[in-house]
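S.K.: What follows is the residue order along each chain.
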Amino acid sequence: MNCLAFERLLDVGEPDALPAAALAHARGCGSCARSLARSRSLERALERHFASALAPAPGLEPTLARITDHVMARIEAAEARGVRWLALPDALPWWVRAAAEPAVVLASVVAALLLWRGDALLAAVRAWLPATAAAPSRWMAWAEGSALADAGSALARTLLPGPGEHWGVTLGLLLGVAPLFALLALPFWRAGERLVDAVGAAAR
Amino acid sequence: MARPSRVPPGADRRPEERRLIARAQDGDREAFRELVESHRARAYALALRILRSAEDAEEVAQDSFVRVWTALPGFRGESSFGTWLHRIVARRSFDRAQVMKHRRSRERADEHLPEAAAPEPEDEDTLRAAQLQRLVAGLSPAQRQVVTMFYFEGRSVEQVSAVLAMPENTVKTHLLRARAALRAAWPEGAGETS
Numbered sequence: 295m296n297c298l299a300f301e302r303l304l305d306v307g308e309p310d311a312l313p314a315a316a317l318a319h320a321r322g323c324g325s326c327a328r329s330l331a332r333s334r335s336l337e338r339a340l341e342r343h344f345a346s347a348l349a350p351a352p353g354l355e356p357t358l359a360r361i362t363d364h365v366m367a368r369i370e371a372a373e374a375r376g377v378r379w380l381a382l383p384d385a386l387p388w389w390v391r392a393a394a395e396p397a398v399v400l401a402s403v404v405a406a407l408l409l410w411r412g413d414a415l416l417a418a419v420r421a422w423l424p425a426t427a428a429a430p431s432r433w434m435a436w437a438e439g440s441a442l443a444d445a446g447s448a449l450a451r452t453l454l455p456g457p458g459e460h461w462g463v464t465l466g467l468l469l470g471v472a473p474l475f476a477l478l479a480l481p482f483w484r485a486g487e488r489l490v491d492a493v494g495a496a497a498r
Numbered sequence: 119m120a121r122p123s124r125v126p127p128g129a130d131r132r133p134e135e136r137r138l139i140a141r142a143q144d145g146d147r148e149a150f151r152e153l154v155e156s157h158r159a160r161a162y163a164l165a166l167r168i169l170r171s172a173e174d175a176e177e178v179a180q181d182s183f184v185r186v187w188t189a190l191p192g193f194r195g196e197s198s199f200g201t202w203l204h205r206i207v208a209r210r211s212f213d214r215a216q217v218m219k220h221r222r223s224r225e226r227a228d229e230h231l232p233e234a235a236a237p238e239p240e241d242e243d244t245l246r247a248a249q250l251q252r253l254v255a256g257l258s259p260a261q262r263q264v265v266t267m268f269y270f271e272g273r274s275v276e277q278v279s280a281v282l283a284m285p286e287n288t289v290k291t292h293l294l295r296a297r298a299a300l301r302a303a304w305p306e307g308a309g310e311t312s
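Heads up: the sequence lines are chains C and S, in that order. So the number in our numbering is just where the residue sits in the first sequence, counting from 1, plus 294. So the number in our numbering is just where the residue sits in the second sequence, counting from 1, plus 118.
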């Protein structure tokens, strides 16, 4: 063992667990003996500095209780408002995060447009209003004129009970059709779940 | 509709904790409170070791638990809950320490203040601790993180590697270089007196 190898051992390993050959070298070499003493002193200082000897100190319990209370309060407050991002810790203050929300940006743009050219926008809306109001009746006329209307009335005649039918027949038909609606709703529910998961994953 | 637990069996050694994690993943706040109560002391201690400020450590511990709550549905249990939490606490603490360091140096530059006020000499231990703190602060950020986590996590390179998401060999290299740098700067007298 030479001095270079000894230094290397001190860097890699623990000064209190050196092999016998290294200790024998240190006994015969003044420089390495000093290095070993310095290393042991440093190791002890590092342990004192960082080691997690967290004894249940009497003064610590209020701090720990406060951590739990504040964490739970933040979680509950954010969930009650239905906005998860408010619970997220962030380096940015909340008003900066709020200003960066797409909905807030959109609302600000709309408000700014109304303030800037509100009269022109209102005039445009007034001009479009008659055409917009007439749209549902146009759609209805188109639907009545198309084959959709015939198919719809055929289906209604088949499924819906006539005016003179017994209430039991109506109830039976409704109970028979209800599972169909549930089955149709399921794909929409799954699609909604996938959408929420994707948005959540992107946010994380 | 209750979701099945995404924590694979054996991912966390304590079954009770596994159950709590699964319940918390389903949105059970009481289960999460129990998790906070069982891990808060270690999380706070880790933040305190890194930041050396009780106030900042408390804030970082709180932020980390809130982050854990929001990220919990995505926790797959690849590492234990404790390791995952420590990773979050360590990252946030090191980030904050870095921000504070920059802020302090900027303030000093703005106000033309001296680098740091010299501490009043109290006893040898205090002086040595202050000296060590200065030496550790002089390490590179990666070396500082590795040294801190190594002594906090019971000298386990494997654990440090898991917490810092760093390969074990990289941890060993940082540790070796940090030790060499610290030992070179550690005063001769300190070695001889202990």
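None of these hints come from the bench; they were simulated from the model. Treat the numbers as computed from the prediction; the structure is a model and nothing was measured. Idealized CB from N, CA, C, for every residue including glycine. Mixed in with the good hints there might be a few duds.
[What the hints assert, rightly or not] Below, a sample of chain S positions facing chain C; criterion: calculated Cβ distance under 8 Å:
1. R147
2. A149
3. L169
4. W187
5. F212
6. R224
7. E225
8. L245
9. A248
10. R301
[Unchecked claim] Here are the simulated lysine to aspartate or glutamate pairs, DMTMM-like style, with alpha carbons at most 20 Å apart:
11. K290(S) to E438(C)
12. K290(S) to E276(S)
13. K219(S) to E152(S)
14. K290(S) to E337(C)
15. K290(S) to E355(C)
16. K219(S) to E276(S)
17. K290(S) to D310(C)
18. K290(S) to E225(S)
19. K290(S) to D413(C)
20. K290(S) to E341(C)
21. K219(S) to E177(S)
S.K.: Any hints from earlier that this structure breaks? Give me their numbers in increasing order, please.
M.R.: 2, 3, 5, 6, 7, 8, 9, 11, 13, 15, 16, 18, 19
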